[in-house]
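Enquirer: Here the protein sequences come in this chain order: S and Y.
My numbering numbers the first residue of the first sequence as 1 and each following residue consecutively.
My numbering numbers the first residue of the second sequence as 114 and each following residue consecutively.
Don't read these hints as lab results, they were simulated from the structure.
Treat the hints loosely; a few may be bogus.
Below, in silico cross-link-like pairs of lysine to aspartate or glutamate (EDC-like), each with a Cα-Cα straight-line distance of 20 angstroms or less [to be verified]:
hint, chain 1, residue 1, chain 2, residue 2
1, S, K40, Y, E118
2, S, K40, Y, E115
3, Y, K150, S, E44
4, S, K82, S, E18
The following label-pair restraints were derived from C-beta to C-beta distances [stated by the list, open to error]:
hint, chain 1, residue 1, chain 2, residue 2, range
5, Y, T139, S, P2, 33 to 39 angstroms
6, S, V113, Y, G172, 38 to 44 angstroms
7, Y, E168, S, S17, 49 to 55 angstroms
If you're wondering where the values come from, they're calculated on a predicted model, not measured in any experiment.
Beta carbons: idealized from backbone N, C-alpha and C, even for Gly.
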Amino acid sequence: DPKIIQKPKYLVAVTGSEKILICEQYLGHNAMYWYRQSAKKPLEFMFSYSYQKLMDNQTASSRFQPQSSKKNHLDLQITALKPDDSATYFCASSQDSANTEVFFGKGTRLTVV
Amino acid sequence: GEQVEQRPPHLSVREGDSAVIICTYTDPNSYYFFWYKQEPGAGLQLLMKVFSSTEINEGQGFTVLLNKKDKQLSLNLTAAHPGDSAVYFCAVKDLTQVVGQLTFGRGTRLQVYA
Numbered sequence: 001d002p003k004i005i006q007k008p009k010y011l012v013a014v015t016g017s018e019k020i021l022i023c024e025q026y027l028g029h030n031a032m033y034w035y036r037q038s039a040k041k042p043l044e045f046m047f048s049y050s051y052q053k054l055m056d057n058q059t060a061s062s063r064f065q066p067q068s069s070k071k072n073h074l075d076l077q078i079t080a081l082k083p084d085d086s087a088t089y090f091c092a093s094s095q096d097s098a099n100t101e102v103f104f105g106k107g108t109r110l111t112v113v
Numbered sequence: 114g115e116q117v118e119q120r121p122p123h124l125s126v127r128e129g130d131s132a133v134i135i136c137t138y139t140d141p142n143s144y145y146f147f148w149y150k151q152e153p154g155a156g157l158q159l160l161m162k163v164f165s166s167t168e169i170n171e172g173q174g175f176t177v178l179l180n181k182k183d184k185q186l187s188l189n190l191t192a193a194h195p196g197d198s199a200v201y202f203c204a205v206k207d208l209t210q211v212v213g214q215l216t217f218g219r220g221t222r223l224q225v226y227a
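Given these sequences and hints, build the entire structure.
Expert: Quick look at the structure:
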């Protein structure tokens, strides 16, 4: 029974288009994150949100915009998609900023053609 | 910044044999260490969290060793079985990193055959 739900599971997009990756967690956590896993790099931290506020943006360009409408939601909007954006995007969460145990969703595999 | 090297990238063992995966990290300030398991089509499942003060950690069917002197973290699956087949990732966190930020190794794809 998955507690971190990511939608869609697979996504194909055209270069230059815009997509939104959905993430909802039902663990009662207050901190949520996005990670990216591509063929060329290890699993890579992108964003950190705590209590719906951005804590850190490590590596992502401005084309990547997290959106948190509710405490348990952290969607990822990606604009002007490029083929290099092709990757699996994982949503993750932890109880709060002091808790280091991070739980991951199943990921959204994005392919940009 | 922190870098984590994980080896081997692929590992194939017979059922009942042991399997060892090793990660080497660079930052001496690393304080928390993790092993995750990823089965096909699934997210990352946390296997074990290790504090820097604990060198030997026992789980169900596996042992995690932390060698701070050599900056190495290892996962030893004893008596592997086909259900252990998955990709295993180590991850490291130091106290200066922001909330939720872990540095991952590239993963080891383990196959256990009968």
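Enquirer: Below or equal to 20 angstroms on CA atoms is what counts here, so check K150/Y against E44/S.
Expert: 16 angstroms, holds
Enquirer: Do the beta carbons of E168/Y and S17/S sit within 49 to 55 angstroms of each other?
Expert: Taking Cβ atoms as reference, E168/Y and S17/S lie about 50 angstroms apart, which means the hint holds.
Enquirer: Taking 38 to 44 angstroms as the hint, is the beta-carbon distance of V113/S and G172/Y inside that range?
Expert: Given a distance of about 42 angstroms, which is inside 38 to 44 angstroms, the answer is holds.
Enquirer: What's the verdict on K40/S and E115/Y, does the C-alpha distance respect the 20 angstroms limit or exceed it?
Expert: Holds: K40/S and E115/Y sit about 18 angstroms apart, inside 20 angstroms.
Enquirer: Next pair to validate is K40/S with E118/Y; report whether the Cα-Cα distance is within 20 angstroms.
Expert: 14 angstroms, holds
Enquirer: Compare the distance between the alpha carbons of K82/S and E18/S with 20 angstroms, and conclude whether the hinted pair is satisfied.
Expert: 10 angstroms, holds
Enquirer: Look at the Cβ atoms of T139/Y and P2/S and judge whether their distance stays inside 33 to 39 angstroms.
Expert: Holds - the Cβ-Cβ distance for T139/Y and P2/S, about 34 angstroms, lies within 33 to 39 angstroms.
Violation of the numbered hints given earlier is absent; every hint is satisfied by the structure.
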